[in-house]
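Could you build the full structure based on these sequences and the hints that come with them?
Just so you know, the sequences run in chain order A, B and C.
Residues in the first sequence are numbered consecutively from 0, following numbering that gives the first Met the number 0.
Residues in the second sequence are numbered consecutively from 0, following numbering that gives the first Met the number 0.
Residues in the third sequence are numbered consecutively from 0, following numbering that gives the first Met the number 0.
Quick caveat, the hints were computed from the structure, so don't treat them as lab data.
Among these hints, one or two may not hold up.
Stated by the list, open to error - With a straight-line Cα cutoff of 25 Å, these simulated DMTMM-like cross-link-like pairs (lysine to aspartate or glutamate) come out:
1) A:Lys228 - C:Asp127
2) B:Lys101 - A:Glu92
3) C:Lys153 - A:Glu249
4) C:Lys45 - B:Glu108
5) A:Lys90 - C:Asp124
6) A:Lys228 - C:Glu87
7) C:Lys153 - C:Asp200
8) A:Lys90 - B:Glu108
9) B:Lys175 - A:Asp207
10) B:Lys64 - C:Asp137
11) B:Lys175 - A:Asp38
12) C:Lys45 - B:Asp226
13) C:Lys45 - B:Glu223
14) C:Lys45 - B:Glu195
15) B:Lys219 - C:Glu48
16) B:Lys175 - A:Glu113
17) A:Lys90 - C:Asp161
18) B:Lys175 - A:Glu92
Stated by the list, open to error - Here are some of the chain B residues that sit facing chain C, going by a computed Cβ distance under 10 Å:
19) Leu21
20) Ala31
21) Pro57
22) Met58
23) Ala60
24) Lys64
25) Pro90
26) Arg94
27) Arg97
28) Lys101
29) Val102
30) Ile151
31) Met153
32) Asn192
33) His225
34) Gln233
Computed from a prediction, not measured in an experiment: that's the story for all the values here.
For glycine and all other residues, C-beta sits at the position ideal for the given N, C-alpha and C.
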Amino acid sequence: MVDLVPTLLRQELSRLADADQRLDGRSRWGSRDVTLETDCLYNAEGSAKVTIGGTIVYAGVKFELRTPWPDRPAQGSLMCGAELRPVAGRKYEPGPPSPQSIELGRVVDRGIRESGCIDMAELCIVPGEKVWGVMIDLHVLSDQGNIFDACGLAAIAALRTAVVPAERFDVGEDHTLSVNGTPIMASFTRVGGRYVLDASEEEELGGDERIHITLGDKGHLHSLQKGLKGVFTPAEFAEIFEVAQTRCVELRKLVAEQEAN
Amino acid sequence: MGGYGDVQLLRDDGKRLDGRALDELRPVTVEAGVLPAADGSARVTHGLNVAVVAVYGPMEAHPRKIQRQDRAVIDVRYNMAPFSTSDRIRPGFNRRSREISKVTAEALESVVLVERFPRSKIRVEIEILAAEAGTRCVGITAAAVALADAGIPMRDLIVGVASGKIEDTVVLDLDKAEDNYGQADLPVGILPNTGEVAFLQMDGDLSPDEFNLAMEYNFKAAGEIHDIMVEALQRRYEGGEA
Amino acid sequence: MGWRLGRIGENRMSQGQTGAEQRLVTPGMAVGPSAGMRAGSGIIAKNDEFIATRLGWLQTQHNTVSVNPINAAYMPRSGDLVVGVVAEVRNNLWFLNINGSFQGLLPMSLAPWKVEFGAARIYMDVGDVVLARVQEVDECHNVVLTMKGVGLRKLNQGAVLDVPVQHVDRIRGANNERLQTLRDLSDCRIMVGENGRVWVDGSSDGIAWTRNALQRVTNEGHKTDFDALMAELEQLNKGDA
Numbered sequence: 000m001v002d003l004v005p006t007l008l009r010q011e012l013s014r015l016a017d018a019d020q021r022l023d024g025r026s027r028w029g030s031r032d033v034t035l036e037t038d039c040l041y042n043a044e045g046s047a048k049v050t051i052g053g054t055i056v057y058a059g060v061k062f063e064l065r066t067p068w069p070d071r072p073a074q075g076s077l078m079c080g081a082e083l084r085p086v087a088g089r090k091y092e093p094g095p096p097s098p099q100s101i102e103l104g105r106v107v108d109r110g111i112r113e114s115g116c117i118d119m120a121e122l123c124i125v126p127g128e129k130v131w132g133v134m135i136d137l138h139v140l141s142d143q144g145n146i147f148d149a150c151g152l153a154a155i156a157a158l159r160t161a162v163v164p165a166e167r168f169d170v171g172e173d174h175t176l177s178v179n180g181t182p183i184m185a186s187f188t189r190v191g192g193r194y195v196l197d198a199s200e201e202e203e204l205g206g207d208e209r210i211h212i213t214l215g216d217k218g219h220l221h222s223l224q225k226g227l228k229g230v231f232t233p234a235e236f237a238e239i240f241e242v243a244q245t246r247c248v249e250l251r252k253l254v255a256e257q258e259a260n
Numbered sequence: 000m001g002g003y004g005d006v007q008l009l010r011d012d013g014k015r016l017d018g019r020a021l022d023e024l025r026p027v028t029v030e031a032g033v034l035p036a037a038d039g040s041a042r043v044t045h046g047l048n049v050a051v052v053a054v055y056g057p058m059e060a061h062p063r064k065i066q067r068q069d070r071a072v073i074d075v076r077y078n079m080a081p082f083s084t085s086d087r088i089r090p091g092f093n094r095r096s097r098e099i100s101k102v103t104a105e106a107l108e109s110v111v112l113v114e115r116f117p118r119s120k121i122r123v124e125i126e127i128l129a130a131e132a133g134t135r136c137v138g139i140t141a142a143a144v145a146l147a148d149a150g151i152p153m154r155d156l157i158v159g160v161a162s163g164k165i166e167d168t169v170v171l172d173l174d175k176a177e178d179n180y181g182q183a184d185l186p187v188g189i190l191p192n193t194g195e196v197a198f199l200q201m202d203g204d205l206s207p208d209e210f211n212l213a214m215e216y217n218f219k220a221a222g223e224i225h226d227i228m229v230e231a232l233q234r235r236y237e238g239g240e241a
Numbered sequence: 000m001g002w003r004l005g006r007i008g009e010n011r012m013s014q015g016q017t018g019a020e021q022r023l024v025t026p027g028m029a030v031g032p033s034a035g036m037r038a039g040s041g042i043i044a045k046n047d048e049f050i051a052t053r054l055g056w057l058q059t060q061h062n063t064v065s066v067n068p069i070n071a072a073y074m075p076r077s078g079d080l081v082v083g084v085v086a087e088v089r090n091n092l093w094f095l096n097i098n099g100s101f102q103g104l105l106p107m108s109l110a111p112w113k114v115e116f117g118a119a120r121i122y123m124d125v126g127d128v129v130l131a132r133v134q135e136v137d138e139c140h141n142v143v144l145t146m147k148g149v150g151l152r153k154l155n156q157g158a159v160l161d162v163p164v165q166h167v168d169r170i171r172g173a174n175n176e177r178l179q180t181l182r183d184l185s186d187c188r189i190m191v192g193e194n195g196r197v198w199v200d201g202s203s204d205g206i207a208w209t210r211n212a213l214q215r216v217t218n219e220g221h222k223t224d225f226d227a228l229m230a231e232l233e234q235l236n237k238g239d240a
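Structure, rendered in structure tokens:
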């Protein structure tokens, strides 16, 4: 189903942007409330639930034993996939994975993979024969905007609580997966002509292109993605990049606090 | 039903491995209105099972060929999340989920006043987030609460519950071990006010007497779960009317 | 076959009858004898008893028992004022999304302009918002809309806000009194469509205030006393000024 965008919504969003306001009263770089819960799915080896406003996302980590790729005989593998099932909203329809859900999974995947927080060599059990495959599945239950940030946060939080089920597969003792870092995604959407942080459902409906930035613990870039029709200027990117640094530090703190509890 | 015989499922004191009596349910919790994007929703935990259901509609039935001129169709998708079981499930529909979706839809069509909504469809999305035996029943219970939460007219709620047989003994509400090593499983969907049955499946081996006892357990449990469902709907909207 | 007996019926039947004045009933609940009473919306009669079919508050008025639902989808009725969004344009008609199960059809003959065949798009395009009335609804839920009538028009400015359909009457109040209060407090033009869409036009602050007020109605409308909420919003407005 193609979203129907009322002309009046776009008009109002530009009017609000001119007055530096947003529909729900937030400031331009303000976020809705973010909550994080980990270890919340009994059959997953690592799990997290993230809510951002009315958006609800689960991430579950599973492990499987597999033979390594021939060109990397001593390395395990990581895969992150997202499902945008019809449960998530009226606009979602059943069928094979949509381009949108594939994009979502791959953007989250790249941020985690390229941050190097998982040492693939540590996932090797017998070189050339047996390695761990780590799979993160993202499940969006309610989409009220900004599912990218919710999925990014849920994925890394779930991974950081994961326990390798070695006993069940008869390859040693269960141990926590070592994860060296907390890559975090920050997403920006052009609404009423200017970028805002953490767009709501209505802002996404009446907005334009989006930019997703994943930053590692040292503030380095690990994944970037521009989605949807639209263009941006270097000055605009410089501005949101600065905001992304602050946002990522805040969310990383949330992950640390959750782990400390 | 999996293996028979060699696994001990009843303790010497006659109770089950998790300490339950023969006719005792696992703990059940129900919450209504949990998904902001949905028209109606519910979350049900039953033992370690977790089901979340979203309801959308009524809306125009698409594609046209599924439209019924005299009533609404109920479009159910029962889906197990990839991480819901011990071994990861590859995403997508399989034969098991298709069958469960079909019979669940037919059960729900028996309680929803579908004739009020010609040419429409009501989407019921059942997502199993964690599975520990009995997920189809948990899904039915959650779907009923979500439909009520969405304001869909129904002549009754519907409660999903199962009994079965372990070590030649009829028990209520099989857990994972009992399901794997038990001798029979009898999941039903009961209309808790009228006492009618809208969903029925069974596999394994039951004598007529065992079947009657299993159904008696199911009816007793349906009443208990119905109380929890009603309480959940009332809790969500407590505080009195304008 | 002992299980077939309605053994669970006894205790369940009494559930809807706990003495509280405002009874929140759930589908299937027995809500009292049907003798001498009429079944209103959300109620069916079965074996001399009324059964609730929806989640909501039980009401008895003029010998009619009904359920005032907590959630409801918009079901168009002829004469309804609706705020629609153009979803499709054909040569000689428009299809409007009116927040219902089905799109409404607006034929050229019921538009306020003299439109030549093939020129529909010049007058209204996809995404445009209009104030229209439901001309007729047939048994199969086909909806025909009209824009011929006082005040019916294309809306070129302002904002569209969503409210729960079942709260529309309460937002308006008797003789539109509450709606008038909202208009006075916000200093905005406000039109409330039966389809749960509200059109607001005025200053930025006025629209923002109305948005907040209607959000409160959405979140708390099912449980709070409406007049108390209005009084509170009135205070809020004075505080701002």
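Checked hints:
Using a Cα cut-off of 25 Å, the hinted pair Lys228 (chain A) and Asp127 (chain C) holds, with the two alpha carbons roughly 21 Å apart. Note on Lys101 (chain B) and Glu92 (chain A): the hinted pairing holds, with a Cα-Cα distance of about 18 Å set against a maximum of 25 Å. Proposed proximity of Lys153 (chain C) and Glu249 (chain A) is contradicted: the alpha carbons are some 45 Å apart, above 25 Å. Distance restraint check for Lys45 (chain C) and Glu108 (chain B): the Cα-Cα separation of roughly 19 Å lies within the 25 Å cut-off, and the hinted pair is therefore satisfied.
A C-alpha spacing of about 21 Å is found between Lys90 (chain A) and Asp124 (chain C), which places the hinted pair at or below 25 Å, so the restraint holds. The hinted pair formed by Lys228 (chain A) and Glu87 (chain C) meets the criterion: a straight-line CA distance of about 22 Å does not exceed 25 Å. As the CA atoms of Lys153 (chain C) and Asp200 (chain C) are separated by approximately 13 Å, the hinted pair is consistent with the 25 Å bound. The suggested pairing of Lys90 (chain A) with Glu108 (chain B) holds, with an alpha-carbon distance near 23 Å, which does not exceed 25 Å.
Between Lys175 (chain B) and Asp207 (chain A) the alpha-carbon distance is near 48 Å, which puts this suggested pair outside the 25 Å criterion. A hinted pair counts as satisfied when its Cα atoms are at most 25 Å apart, and Lys64 (chain B) with Asp137 (chain C) qualifies at roughly 21 Å. Of the supplied pair hints, the one linking Lys175 (chain B) and Asp38 (chain A) holds, its CA atoms being roughly 20 Å apart against a limit of 25 Å. With a C-alpha separation of about 22 Å, the suggested pairing of Lys45 (chain C) with Asp226 (chain B) holds against the 25 Å cut-off.
Using a Cα cut-off of 25 Å, the hinted pair Lys45 (chain C) and Glu223 (chain B) holds, with the two alpha carbons roughly 24 Å apart. Simply put, Lys45 (chain C) and Glu195 (chain B) have alpha-carbon atoms about 14 Å apart, close enough for the 25 Å limit, and the pair holds. For the hint pairing Lys219 (chain B) with Glu48 (chain C), the CA-to-CA distance comes to about 23 Å; that is within 25 Å, so the pair holds. A C-alpha spacing of about 39 Å is found between Lys175 (chain B) and Glu113 (chain A), which places the hinted pair above 25 Å, so the restraint is violated.
In summary, the hint linking Lys90 (chain A) to Asp161 (chain C) is supported, as the alpha carbons are separated by about 17 Å, within the 25 Å threshold. For the hint linking Lys175 (chain B) to Glu92 (chain A), the alpha-carbon distance of about 32 Å lies beyond 25 Å, and the restraint is violated. With a least beta-carbon distance of about 16 Å to chain C, the hint placing Leu21 (chain B) at the interface is violated under the 10 Å criterion. Hint status for Ala31 (chain B): holds, given a least beta-carbon distance of 9 Å to chain C, under 10 Å.
Interface restraint check: Pro57 (chain B) against chain C, minimum CB-CB distance 5 Å, threshold 10 Å, status holds. Nearest Cβ of chain C to the Cβ of Met58 (chain B): about 5 Å, under the 10 Å cut. The hint holds. Of the supplied interface hints, the one on Ala60 (chain B) holds, with its beta-carbon coming within about 9 Å of a beta-carbon of chain C, less than 10 Å. Nearest Cβ of chain C to the Cβ of Lys64 (chain B): about 16 Å, over the 10 Å cut. The hint is violated.
Among the interface hints, the one on Pro90 (chain B) is violated; its C-beta lies about 30 Å from the nearest C-beta in chain C, farther than the 10 Å criterion. The beta carbon of Arg94 (chain B) comes no nearer than 30 Å to any beta carbon in chain C, farther than 10 Å, and the hint placing it at the interface is violated. Restraint check, Arg97 (chain B) versus chain C: the minimum CB separation of about 26 Å is more than 10 Å; hint violated. Because the smallest distance between the Cβ of Lys101 (chain B) and any Cβ of chain C comes to about 23 Å, over 10 Å, the interface hint for this residue is violated.
Interface restraint check for Val102 (chain B): the shortest CB-CB distance to chain C comes to about 20 Å, outside 10 Å, so the restraint is violated. Interface hint status for Ile151 (chain B): upheld, as the beta-carbon distance to the closest one in chain C is roughly 8 Å, under 10 Å. About 4 Å separates the beta-carbon of Met153 (chain B) from the nearest beta-carbon of chain C, less than 10 Å, and the hint is met. Using the Cβ-Cβ criterion of 10 Å, the hint placing Asn192 (chain B) at the interface with chain C is satisfied: the shortest such distance is roughly 4 Å.
The beta carbon of His225 (chain B) comes within 7 Å of a beta carbon in chain C, closer than 10 Å, and the hint placing it at the interface holds. Because the smallest distance between the Cβ of Gln233 (chain B) and any Cβ of chain C comes to about 5 Å, under 10 Å, the interface hint for this residue holds.
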